[in-house]
Structures are given as C-alpha cells and as structure tokens.
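2 protein chains.
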Amino acid sequence: MNPWEMSGEIKEQDYPKLIKEFGAKIIDDKLLNELKKFTGELHPFLTTKLFFAHRDLDTVLDDYSKGKEFYLYTGRGPSGKMHLGHLLPFIFTKWLQDKFDVDLLIQMTDDEKYLVRDIPMEEIRKNTHENILDILSLGFKKEKTHVIIDSEQSKILYNNAILFAKRLTASTAKAVFGLKDSDNVGKYFFTSMQAVPAFLLSAIKGRNIRCLIPYGIDQDDHFKLARDILPKLGYYKPSAIISKLMPSLQGSGKMSSSDPNSSIFLDDNEETVRRKINKYAFSGGRDTKEEQRKLGANPDIDFAFNMYRFLEPDQTKVDKVYSEYKSGRMLSGEMKALSADAINAFLSKLRSRRESIKDDVDSYMFDVDRFK
Amino acid sequence: MNPWEMSGEIKEQDYPKLIKEFGAKIIDDKLLNELKKFTGELHPFLTTKLFFAHRDLDTVLDDYSKGKEFYLYTGRGPSGKMHLGHLLPFIFTKWLQDKFDVDLLIQMTDDEKYLVRDIPMEEIRKNTHENILDILSLGFKKEKTHVIIDSEQSKILYNNAILFAKRLTASTAKAVFGLKDSDNVGKYFFTSMQAVPAFLLSAIKGRNIRCLIPYGIDQDDHFKLARDILPKLGYYKPSAIISKLMPSLQGSGKMSSSDPNSSIFLDDNEETVRRKINKYAFSGGRDTKEEQRKLGANPDIDFAFNMYRFLEPDQTKVDKVYSEYKSGRMLSGEMKALSADAINAFLSKLRSRRESIKDDVDSYMFDVDRFK
Numbered sequence: 000m001n002p003w004e005m006s007g008e009i010k011e012q013d014y015p016k017l018i019k020e021f022g023a024k025i026i027d028d029k030l031l032n033e034l035k036k037f038t039g040e041l042h043p044f045l046t047t048k049l050f051f052a053h054r055d056l057d058t059v060l061d062d063y064s065k066g067k068e069f070y071l072y073t074g075r076g077p078s079g080k081m082h083l084g085h086l087l088p089f090i091f092t093k094w095l096q097d098k099f100d101v102d103l104l105i106q107m108t109d110d111e112k113y114l115v116r117d118i119p120m121e122e123i124r125k126n127t128h129e130n131i132l133d134i135l136s137l138g139f140k141k142e143k144t145h146v147i148i149d150s151e152q153s154k155i156l157y158n159n160a161i162l163f164a165k166r167l168t169a170s171t172a173k174a175v176f177g178l179k180d181s182d183n184v185g186k187y188f189f190t191s192m193q194a195v196p197a198f199l200l201s202a203i204k205g206r207n208i209r210c211l212i213p214y215g216i217d218q219d220d221h222f223k224l225a226r227d228i229l230p231k232l233g234y235y236k237p238s239a240i241i242s243k244l245m246p247s248l249q250g251s252g253k254m255s256s257s258d259p260n261s262s263i264f265l266d267d268n269e270e271t272v273r274r275k276i277n278k279y280a281f282s283g284g285r286d287t288k289e290e291q292r293k294l295g296a297n298p299d300i301d302f303a304f305n306m307y308r309f310l311e312p313d314q315t316k317v318d319k320v321y322s323e324y325k326s327g328r329m330l331s332g333e334m335k336a337l338s339a340d341a342i343n344a345f346l347s348k349l350r351s352r353r354e355s356i357k358d359d360v361d362s363y364m365f366d367v368d369r370f371k
Numbered sequence: 000m001n002p003w004e005m006s007g008e009i010k011e012q013d014y015p016k017l018i019k020e021f022g023a024k025i026i027d028d029k030l031l032n033e034l035k036k037f038t039g040e041l042h043p044f045l046t047t048k049l050f051f052a053h054r055d056l057d058t059v060l061d062d063y064s065k066g067k068e069f070y071l072y073t074g075r076g077p078s079g080k081m082h083l084g085h086l087l088p089f090i091f092t093k094w095l096q097d098k099f100d101v102d103l104l105i106q107m108t109d110d111e112k113y114l115v116r117d118i119p120m121e122e123i124r125k126n127t128h129e130n131i132l133d134i135l136s137l138g139f140k141k142e143k144t145h146v147i148i149d150s151e152q153s154k155i156l157y158n159n160a161i162l163f164a165k166r167l168t169a170s171t172a173k174a175v176f177g178l179k180d181s182d183n184v185g186k187y188f189f190t191s192m193q194a195v196p197a198f199l200l201s202a203i204k205g206r207n208i209r210c211l212i213p214y215g216i217d218q219d220d221h222f223k224l225a226r227d228i229l230p231k232l233g234y235y236k237p238s239a240i241i242s243k244l245m246p247s248l249q250g251s252g253k254m255s256s257s258d259p260n261s262s263i264f265l266d267d268n269e270e271t272v273r274r275k276i277n278k279y280a281f282s283g284g285r286d287t288k289e290e291q292r293k294l295g296a297n298p299d300i301d302f303a304f305n306m307y308r309f310l311e312p313d314q315t316k317v318d319k320v321y322s323e324y325k326s327g328r329m330l331s332g333e334m335k336a337l338s339a340d341a342i343n344a345f346l347s348k349l350r351s352r353r354e355s356i357k358d359d360v361d362s363y364m365f366d367v368d369r370f371k
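Taken in order, these protein sequences are the chains called S and H. In this text, residue positions in the first sequence follow numbering that gives the first Met the number 0: the first is 0, and each later residue adds one. In this text, residue positions in the second sequence follow numbering that gives the first Met the number 0: the first is 0, and each later residue adds one.
Only chain S is shown next, with the shape it has when bound in the complex:
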C-alpha cells in the first residue's frame, strides 16, 4: 500500500482485514444513525458503504452536538486531467460541508507531483488550475471553501511542516511509505507538507479544532502518521472518514488517467461517454439476455448502475432501477443507457457551473486573514 504507486485491485473481502490492520473502525449502523441525526438523510456513498470506515468520527459528532466546531480537509494531486473517479470523493465532501456548514480546506499538492513524477512544473501548474475549476464546479460554498495550492501557500505550509518533520524520522518515512535511499529528499519531506492542513486552522486560530478528512484507503498511511505526530504538537489527532477504492470503469483497480479508455474524463463529450459505458463498463449483468431475464443482475458491482446511483439526484428512481435491474426486468443495455444519460447530465451541469465560476476562482483561494 503506497499512496504514490497504488496499483491493482483490493478485493471486497480484503477491506475489513485492511481496516483491522490499520486500526480504523467500520462505520456501523449505530454511527450511521448518529450521523443521520445531523444530516437528515444518508448519502448513497454511506448507504452503499463506499465510505465504510472511520477514525474518531463518533467523537467529531459528539463534540459537534455540544456546539464544538470542526472542519473538513481533502486534497488532490494535480498530475493530469480529472476523471469521474477523482471527483466522487469531492461529491461526498461537498455533501458533508453542506450538511454541517463547516470550513473546508482543499489542498492541491503541486509540489508533490513535481517531486514524484516526471511532469514539467509548467504542466503541473496548468493541471492545478484546471483541476481546481473541475472541483469547484461541484458547487462548494464560496465563503467556507479554501483552496490551498502548495506552491502558493508554501510559506505557512513550510513553517508548520518543519514542526511535523522534526518528529518524523527517515526510518519511519521509509517504513510507512516504502521510500528507499535512492528516493529524493523532497519525497521524504513532503508528507510533512501534506500533514499541515490537518492542524492548520488550529495553528492559525490558536485553539484546538477537530479536522475530519475524507480520503481513500490508499491515503491512509499519510494520515495515520499524522495521528501519531499531531498530539506531540499539541493538536487533536485528525479524524477520518475512509472510502474503498472508487468504482472503476473496467471493474478492476483504480480508474487510471494514463489509459483513456479506463476512465470517463470530465471533458468527454456525450458520445464518448456513451461509447465508453457501452464498450468498457464492468457489468454486473448476465452473459445473455435470457440469463439476465431469468437470474437478474448484480447491480452492486455494476459500474453503470453505480454511477447512476451516485449521480441521479432522485433516489426513488434509483431504488426502482435497482430492483428492475436486479430482478432481470431491466437489461444491461438499458442500464448502460440510463447511466450514460445520468453521467452526461451531471457533466453538462458541471460544465455550465465551471463556466460561471471561471472568473471567480480567486475568491475560493486560501487566505490566512480569513481565519484571524
């Protein structure tokens, strides 16, 4: 498990084992009910257990019920164009922000991408700008959303990162991230930069504020380390809400930016989306029409259905499609058409919002004075 070179597939049955090894907890029904008290409803990412594990989420909710604030932190490494798989965690983060009305830090790790990849800085800068627009197109609250571009905020990040770095040995960095002596010293240091947003608002405001981080399980190493070190700096351990790997078009591994047919990109046009779904989407349906009618599909592993479930705003419709597809009354082709429509509707909405915020991106940028 290396956040920089995660590849291959994690099997569904491996998740509980992983979580047990890592010391996180499964989000159980009791906790879901707790959450529902505040959110009124449960996001499909929760009911489908895509976000399935946590650290201290119960404490965050407990504190919140007593009127104590918390904030959200998530991020993106701007290595290239964004695809749907990249955007899904942000959809969930936006839902959390909307429900709890809290500040959100979004860290764009352009420095990391420079240090670990062979991409020229100019290209990373361009990616960063485009990715920010993609993310903000989801409709985050302007006054509570704070985008940290590492290279823009390196002063406050570095000055806090050295506090963290002083408490992290090279040997721990090696053990946790699989770094070798042949790796560059920037990689060794970087995890300290990535840890900063987890205590930054506490540092700025001069009082301890809980930070809740939604992330994929492949990023767990970074934040587990932060949980070891932050208390030594006088801060809370960061809390986490952890997802499985996002569903992938071809049903195996993460969606990959390098293979254009393995993912649906945010700038794919309607026809391309339809073609990719028809041709590549991993199906939970049966091999023949007859079998499908007789035995029904397994919607839970079906890429087309999952995208439909996450992107279709009307949950009544989703429930109906689920049972139609599962029972065999709906065929894979129909499911795929519905899914492509939902994806295209989502992407089209994204694009028009993107256009409308294009000249207003600066208002979303992190500004330390806003917290003083």
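Hints may contain errors.
Identical chains blur together in the list; that is why a pair holds if it fits in one copy or across any two.
Said to hold, decoys possible - Pairs of lysine to any residue, SDA-like flavour, derived with a Cα cap of 20 Å: (1) K231 <-> D117; (2) K371 <-> E151; (3) K154 <-> V367; (4) K231 <-> V115.
To be clear, the hints were calculated from the coordinates, so they are not data collected in a lab.
Please arrange chain H on chain S, whose structure you already have, making use of the hints.
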C-alpha cells in the same frame, strides 16, 4: 567533517590535504594579484591566508572584468549569541561587497536550527533578530544587502528548494552529511533550502548570474553538493572563497557558544574582554619574560595578535606590532593589552552602529520585488 557537529581542531598542515580531497584550489599569489587589480589592496584575511582556498574565484574575476555582474551569499544559523569568531567571516564579506559593490544575500537559517537543535522556536526567533542586528552593525550597504530569514521567505525558498531536492537522493544526503535513518526528514530536506540563495537571483531575474560564497571549510559539503546539482537546473555552479576555522580564544577548535570562557561575545564589556584575553587567549609568546626577550613570539598563532591584526584599521601599526612582538621587544602582556584595546574599540563602534540601525532593520530585509 559534518557542518552540524564540527568539533575538535583541524591542524594547519591538514588544510592542503583537505582542499585536495575536496577538489577546491589554493588561492595562490597569481590569483591574489588578480584580485588586487579590482580591490586595490588585500584584506588581512587574505594576506594571512585565513581565507586560503576557492572554487572558480578566477572565473568570477574574469567575468567581472568583462562587465558581468556577480553577487555574494553568506549566512548564519541563529542558534545563540554571536561571538567574535562568528563575526570575522562577515567582516571579510563586507570587504568584498565594498570593493565590488555587489548585492549580498545573508541567509538566517532559523528553520535549520529548529530541526537540528533542541531550542524552542521562540528563542530561535529572538536569536535571529539579535544576530541580524549584530551582523548589520558591521555597516553593510543598505541598498545592496538582503537578509533572508528562512521562515519569512519560506515561500520563495521552498518553491525553489523542491527543484534542488528532486535531484538529491537520501543516500547522497547520508553520504555527504553523515545523516542516519534515525535523523528527522527535515534535516534531509534542509540542505535544499540552504542551496537556494546560491541561484535565487538568477531564478528571479531569469538570467544566469554568478554567486560567490565566502564560507568556512566546515560548510564545504553543503556547497560542493550545490555545485553538482545547480548545473542540472541550468544555473552556474556557485563559486566559493573558503576560510580555515576562525582563530579561537583558547587556540583549539572553533570558538564555542556553550562555554562562555571560550569566546569573546559581542556584548562582553571592556573588563570582561580584558579578563578573557589575559586569562584564556592562546599565546604565541614564550613561557618566561627572559625567553620572550631572547627568542621572540610567534605572532601568527597568537590569538591576541590575530585579533589585533584583524580589527586594527591602521595596517602600519599592525606591521610594527608584528615585528616588535616577533622580535621579543614586545611581551605577551603588552600584546594582550593592545589586543583588548582593539577589540573593545571594535565592539564599541559595533554597539553604537547597532543602536543607530535598530529601527531600520526592515530596510535590509530581502524583498523579491527589488530584483524584478
């Protein structure tokens, strides 16, 4: 040779060997004559061969004679109060700046001190402020002197440091600095922060400008590495003018801040200076008055004489004292009295200049806009 934990003594006869190992060159008479063409005179640090070696100083002078600019870079780790030994290299740097009328970057590595020492950040900040005042009291040109406090300039430093860090492996950092797996990741990264001023003006101005760095031989590892890596970023190798360890009160090792009697601090009063010189100064004189009269002293290894030579502005006087002391006409006690007077005069001048610039320190701070 570890810049963080240099201890003990380097014997005079070891310097040529060290230089040969490190690939630097001795400053020979030919080069001194070249230098003199521009400076008109030679600083005692050069004639006494305290600054005795170099890298590419000939090229810097050659380019300068063709009208090409260069700049100076030096620094200080603000770990505590400054003593005379700390200030000597800055005296020489000021001389270079005066003679060539060039920009000078002075890096205050507060981040490094935090990472490698057990000093609270608050104390480091205080030291930094006091040390800057001490250094500037030497009378550096305001419009051409630019103090970089790492924690203040971490944005521009970090953004350039990652370019350097990408090209420096942990294994090289280990080999060069003796770092271990048990060292913190900040130490691994820091050398990249220290390398930045060696190419910063080139980076800002977008054209290649030579950088000349006066430093003690114990810092050579840092800059040798910079010479390997900077060309990979498209910049000149930094040039160097390298000193032996500064003369120490007790004649062995560096002056140490931890033992108050091993050094003359800038805030020692006249009586303390006199007492330390009389009691602790390593003497090149003979054991008895009779022997001294008969055989004379060795002024070159005599701390009192060396301080006198470096701090007395009138070189005719210095030459006279040298021959008087060497011949035995002058006794150690007289030499020490002269030296204490010269030191006290120097410190007193320093203090009054310190007072006069106290409220003007901001004008000396690095400001990227000054170079655009």
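Okay, the hints, checked on the actual structure:
Taking CA atoms no more than 20 Å apart as the test, K231 paired with D117 passes between copies only; the shortest distance there is 15 Å, against 35 Å inside one copy. Taking the shortest Cα distances, K371 and E151 sit within 20 Å of each other both inside one copy (19 Å) and across copies (19 Å). For the identical chains of this complex, K154 and V367 are neighbours both inside a copy (11 Å) and across copies (14 Å), given an alpha-carbon limit of 20 Å. Taking identical chains as interchangeable, the C-alpha atoms of K231 and V115 lie at most 20 Å apart only when they sit on different chains, with a minimum of 17 Å there against 28 Å within one chain.
Checked against the numbered hints given earlier, the structure satisfies every one of them.
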